[in-house]
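Colleague: Please model the complete structure; the sequences and the hints are all you need to start from.
2 protein chains.
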Amino acid sequence: MDASEFRRRGKEMIDYVADYLENIRERQPFPDVTPGYLRNLIPDHAPEEGEKYEEVFKDIERVIMPGVTHWHSPQFHAYFPTANSYPGIVADILSDAIGCIGFTWASSPACTELEVVMMDWLGKMLNLPEQFLSSSGGPGGGVIQSTASEATLVALLSARTMFIRKHIGPGDDPHRENAVMTKFVAYCSDQAHSSVERAGLIGGVPMRMLETDSKGALRGETLQLAIQRDKAAGLIPFFVCATLGTTPSCAFDNVLEVGKYAMSFNFNPHKWLKVNFDCSAMWVKDSRLLSDAFEVDPLYLKHENQGKMPDYRHWHIPLGRRFRSLKLWFVLRLYGIKGLQESIRKDVMLAHEFEAYIKSDERFEIFGEVVMGLVCFRLKGSNELNEKLLKLINDDRRIHIVPSKVKDTYFLRLAICASRTTSQDVRLAWNVTREITNGLMSSLKQ
Amino acid sequence: MDASEFRRRGKEMIDYVADYLENIRERQPFPDVTPGYLRNLIPDHAPEEGEKYEEVFKDIERVIMPGVTHWHSPQFHAYFPTANSYPGIVADILSDAIGCIGFTWASSPACTELEVVMMDWLGKMLNLPEQFLSSSGGPGGGVIQSTASEATLVALLSARTMFIRKHIGPGDDPHRENAVMTKFVAYCSDQAHSSVERAGLIGGVPMRMLETDSKGALRGETLQLAIQRDKAAGLIPFFVCATLGTTPSCAFDNVLEVGKYAMSFNFNPHKWLKVNFDCSAMWVKDSRLLSDAFEVDPLYLKHENQGKMPDYRHWHIPLGRRFRSLKLWFVLRLYGIKGLQESIRKDVMLAHEFEAYIKSDERFEIFGEVVMGLVCFRLKGSNELNEKLLKLINDDRRIHIVPSKVKDTYFLRLAICASRTTSQDVRLAWNVTREITNGLMSSLKQ
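So the protein lines, in turn, are chains A and B.
Mapped onto my numbering, the consecutive letters of the first sequence carry residue numbers 1382 to 1827.
Mapped onto my numbering, the consecutive letters of the second sequence carry residue numbers 1382 to 1827.
Rather than coming from a laboratory, the hints here were simulated on the basis of the structure.
Don't take each hint at face value.
Since the list gives no way to pick one copy over another, a pair counts as held whenever it fits inside one copy or between any two copies.
[To be verified] No more than 16 Å apart at the CA atoms, straight line, and that leaves these computed lysine to aspartate or glutamate pairs for EDC-like:
id, residue 1, residue 2
1, Lys1505, Asp1425
2, Lys1786, Glu1602
3, Lys1505, Glu1429
4, Lys1761, Glu1746
5, Lys1433, Glu1768
Modeller: Structure follows, in structure tokens:
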């Protein structure tokens, strides 16, 4: 594909993408394929000679689309949203073309520097304490991680290193480090995301999943008791991860009780902020704690300007990194703060619309509270009944949702996921739910 | 930005990208900016109201481009290549638009299934043993990781779990796991990439960096002695990472001696195979060893078809993942195996052209052997002399290279990095090198 063919094919793809997204409502949100569907649709080895572009392009609808779960369909209500916006896509084309690997400042100064400033913009939008901002002139600042899983792991590993250093000298035998680690213990709530448990697994430290209150929130007293118990047993508590908006039910840990003074904060603009995946925003009050955990410094990555700007390779697990701040820059500028606020408020309002439908039907109950864009609901009755309802709704294929369970109560989760979702779509989701419930109830009476 | 504006702006960006890449030769490969250049060029906070697209677009040349290290400039010869191709960019636009998060099969079946088959295609192209392929019907298969750093870490963590399980039961106290780990020891060569040392740091296990032979290769005898010594000291050797093509000098560990039967293999199509970053290909003979290390299984991620196809979230550190196999599919089909072979052979030939220039001038010597697309060279003389030469070459700005050091010998590394590099560019690199050497030599005589 030479430049002139790229101009043609790239523009065709832009049109295909606009057509796909504008007409996504016509596609079934969850596909009908069964595992292994794709292998038989394409050859079992790569072609020797290059194929024509037309052949590849027509296979998008033949091979790919029948197996796509359309996350941006207004009828997709599963998990939490993943962001997708036209400005994000346009910025990503530029990022792909520049194609730099921004592991050090020198490997592409613009890549590092735009990220530093964008993380300040975003931090100011959230009213983060000054210490988290690079503009404060202190050791704090933000970094784009690929995923929240990685941000959590990085925070845990930094805390681990900090506590190892407290107990042994830097030149000690690594086996002694490991011996100290056998006393470490970390905490999260029993509602924390699976990636927090996994961070403990990877870091080789036990993660205590503490009981939450009736709203699914971790409380200060619970944490304090656990810490006291562990200290009494000779263990070293070194890390707490609090969650604002749990995946099962969007519960908020009580951070005022758990600890007012977090050393890091992470959220995903690639979820609700119109920045295409991946863009997970993490801030720390002291970036030296990150580089302490990760710094390895070969000559081929050294450059003259070390120390004056962050070398982000010391801030995360991968070495290579894309120019992801371009997406943030385009999105923040083209929507403006107000545009992003409006879009989030619209989704919250739609969630409350669905809540009102649920409350209007006495067969149903809301689980917990409707917070942000998530509605947790269930049929009054057994978990089994609700499992049946979930399966019938998803088998029907008009909408797609996933279940969850908190303290042995099984419920259905409807998240407002797509920027194109409207009141009509919410009404459709409700009509599907009610209609299927009617059928389920009458089948049970027979 | 509505759909009609996206059609217009997306197409303008396609043209901008084609213009950028076709005329990249006119841009200086390494920028002139100093750290902090960008902050003063843009506001210190996000705008309240959305801005016009024209404002954002014109800032690409004003704010971004002056600070870009142009990795795809034919005069960029630093690090190793990062891939960039028109088919890769077009495929990535589609991936962004679909915008699915493929953590489970159900979260987008096409995303998982195309990856399974593409990793088989790629594995067959490399003649990997059948056990590494999903088509073998066994527990092996491939997965796209974000970076080789993550692949190495995943392999190490899997080995760690496998050895922990050998020594304690699955229900044991996690603190006992940690106590067993204090005896673990891992190995790589002293030429291994910094990410291997880092994997040890993250995994909490000591990584022995074993001495290499005169060619920078790890030999079987060295490894065997280290293992014997560690076993005699009561330690448990559990992991070896061999490198084919080290970063300092493109040395190849002697894998026939180190161990014929690797359990995993990783290389980066996002380096030399025209697939834009990120796409790091990893194969394993037994994927159950990966999920053993990582599996955490909340209800909201369960689906009806678990076990029939991989849930890739168990194969790596992040939970979320982009639809990256689309890039592989477009690139493999549009270039064909022959097209990719030709492009790699061209780069190898260009490296030998530069080698010939170096050998034609008796002031210079080649360091090691010219393997693949990397030429390691130096002025006969002290390290200090070569450090001066490197600085002068990079300060001149016509080409950009990085240095390296093996066994206290400092040398310069010229890598063929860009698909647009030609014999003329290699001659330019040589002319710059020779001209600056002439200047350096005469300044030393004065």
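Colleague: Out of the numbered hints, which ones does the structure contradict?
Modeller: 2 and 5
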